[in-house]
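Novice: Below, each chain spelled out in residue letters.
Protein chains: 2
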Amino acid sequence: MGGRVAGPEIERLIQLLARLPGLGPRSARRAALHLIRKREELLAPLADTLRVACDKIVTCRACGNADTCDPCTLCRDERRDRDTLVVVETVADLWALERAGVLSARYHVLGGTLSPLDGMGPSDLNLASLVERVAADRVKEVILAINATVDGQTTAHYIVGLLADSKVKITRLAHGIPVGGELDYLDEGTLAAAIKSRTVF
Amino acid sequence: MGGRVAGPEIERLIQLLARLPGLGPRSARRAALHLIRKREELLAPLADTLRVACDKIVTCRACGNADTCDPCTLCRDERRDRDTLVVVETVADLWALERAGVLSARYHVLGGTLSPLDGMGPSDLNLASLVERVAADRVKEVILAINATVDGQTTAHYIVGLLADSKVKITRLAHGIPVGGELDYLDEGTLAAAIKSRTVF
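Protein sequences, first through last, are from chains U and R.
Sequence positions in the first sequence follow the working numbering and run 1 to 201.
Sequence positions in the second sequence follow the working numbering and run 1001 to 1201.
Some clues are possibly wrong.
Heads up, simulated DSS-like pairs for lysine-lysine below, C-alpha to C-alpha not over 27 Å straight-line [unchecked claim]: (1) R:1038 with U:38; (2) U:56 with R:1038; (3) R:1056 with U:38; (4) U:56 with U:38; (5) U:140 with U:167; (6) R:1140 with R:1167; (7) R:1140 with R:1169; (8) R:1056 with R:1038; (9) R:1169 with R:1196; (10) U:56 with R:1056; (11) U:140 with U:169; (12) U:196 with U:169.
Label pairs and their calculated CB-CB ranges [stated by the list, open to error]: (13) U:30 with R:1141: 45 to 53 Å; (14) R:1199 with U:24: 47 to 55 Å; (15) R:1077 with U:71: 53 to 61 Å; (16) R:1182 with U:18: 40 to 48 Å; (17) R:1039 with U:170: 32 to 40 Å; (18) R:1160 with U:8: 46 to 54 Å; (19) U:80 with R:1008: 14 to 22 Å.
Chain R residues, not near chain U, derived (Cβ > 12 Å throughout) [claimed, not checked]: (20) 1028; (21) 1037; (22) 1061; (23) 1083; (24) 1143; (25) 1171; (26) 1174; (27) 1179; (28) 1195.
In case anyone wonders, no lab produced these hints; they're calculated from the structure.
None of these values were measured; they are calculated from a predicted model.
Every residue, glycine too, gets a C-beta built ideally from N, C-alpha and C.
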């Protein structure tokens, strides 16, 4: 759509929507038209909600989670187990673990992984505060819920080294077959790990 | 993500984003996190742009286009051919035709098609104003750029009847093979139309 079809406001809306993950130029146009058609039900509430999010969302200084309060809802939750700390790369991973609904621990968001190629060193991650928290809160177990990628595992090993003096128990997520997964579609590494860690039926 | 992970603002943001076409619950979460991470570059501008769009976008009373001015940019454009009127179903179709960049005419947006099953009758479409415009603006050609669906073609025939007295020339888009299309993947109807309307090489 050229500038001559409509005012610059609509074009700018399409350009910004196209920068959302999962939307390209074509779907951004569809989304813009959908918003214009649903002005009262969707466009106005979304404008207000984005403004509120922009003004109110902060990063929790304790754990690195994104929330509208600091400390965040999870850090404030007194019912959560204070002995366990779950280390994740991103807020998205934190949300994914919360959806699983198994843990009732607190989190520590690293903000990425060590990655020399991308120029991410230890000082770019929330690592110093992790060591402090483990000592100050008398954490008994640190669960490394870090992605099973090369950078993720490098970061996990680095954290194990950082926490060596604290004598805290460090665990990591199990490798194995995804629930509902078919063996034929799995890579050899996952299958090997699943065989190695087999359990009694 | 349950309400206990973060404040209600983030959850509301995800719910609203999930209502955009092309985004589901999972991609809406990703989009929300992306927005939170890119607060200055994306979240704030998008909030402002949506607010402006909400306040300023109106439907052009002349043609039915969505724009920030009424009459819209296209209706105001004096360089556009005033003898030709292109009838489309939706604003999305208008944009699609403008991207093709072939026409420099004005448009008339019907706002849908006749569809007895969906309860869309002639009074639900911008049909009365079409007849008025054709007479008042002394239009010489009406191009029916309406989708080649059953409802679209019913609407086209209805419009031909409406304009029968005005003696305006009425044309419709050609049927044929899409540019870049492969014969093997085309339906019989399209192939038959393409053979019937074959042109000298």
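Novice: Confirm or reject each hint.
Specialist: Status of the hints after comparison with the structure:
1. R:1038 with U:38: Answer holds: residue 1038 (chain R) to residue 38 (chain U) is near 26 Å, not above 27 Å.
2. U:56 with R:1038: holds, 14 Å
3. R:1056 with U:38: holds, 14 Å
4. U:56 with U:38: holds, 26 Å
5. U:140 with U:167: holds, 9 Å
6. R:1140 with R:1167: Holds - the C-alpha atoms of residue 1167 (chain R) and residue 1140 (chain R) are around 9 Å apart, at most 27 Å.
7. R:1140 with R:1169: holds, 6 Å
8. R:1056 with R:1038: With a Cα-Cα distance of about 26 Å, the restraint between residue 1056 (chain R) and residue 1038 (chain R) holds, given a limit of 27 Å.
9. R:1169 with R:1196: holds, 22 Å
10. U:56 with R:1056: Answer holds: residue 56 (chain U) to residue 1056 (chain R) is near 26 Å, not above 27 Å.
11. U:140 with U:169: Answer holds: residue 140 (chain U) to residue 169 (chain U) is near 6 Å, not above 27 Å.
12. U:196 with U:169: holds, 22 Å
13. U:30 with R:1141: 45 to 53 Å: violated, 30 Å
14. R:1199 with U:24: 47 to 55 Å: The hint (47 to 55 Å, Cβ to Cβ) is violated, given that residue 1199 (chain R) and residue 24 (chain U) are roughly 34 Å apart.
15. R:1077 with U:71: 53 to 61 Å: holds, 56 Å
16. R:1182 with U:18: 40 to 48 Å: violated, 29 Å
17. R:1039 with U:170: 32 to 40 Å: holds, 33 Å
18. R:1160 with U:8: 46 to 54 Å: violated, 37 Å
19. U:80 with R:1008: 14 to 22 Å: With Cβ atoms ~19 Å apart, the hint holds.
20. 1028: violated, 8 Å
21. 1037: Residue 1037 (chain R) is in fact no farther than 12 Å from some Cβ atom of chain U, at 8 Å.
22. 1061: Given a closest Cβ separation of 15 Å, the condition holds.
23. 1083: holds, 19 Å
24. 1143: holds, 17 Å
25. 1171: holds, 22 Å
26. 1174: Non-interface label stands for residue 1174 (chain R): nearest chain U Cβ at 23 Å, farther than 12 Å.
27. 1179: The claim holds: residue 1179 (chain R) sits with its nearest Cβ about 17 Å from chain U, beyond 12 Å.
28. 1195: holds, 31 Å
Checked against the numbered hints given earlier, this structure breaks hints 13, 14, 16, 18, 20 and 21; the rest are met.
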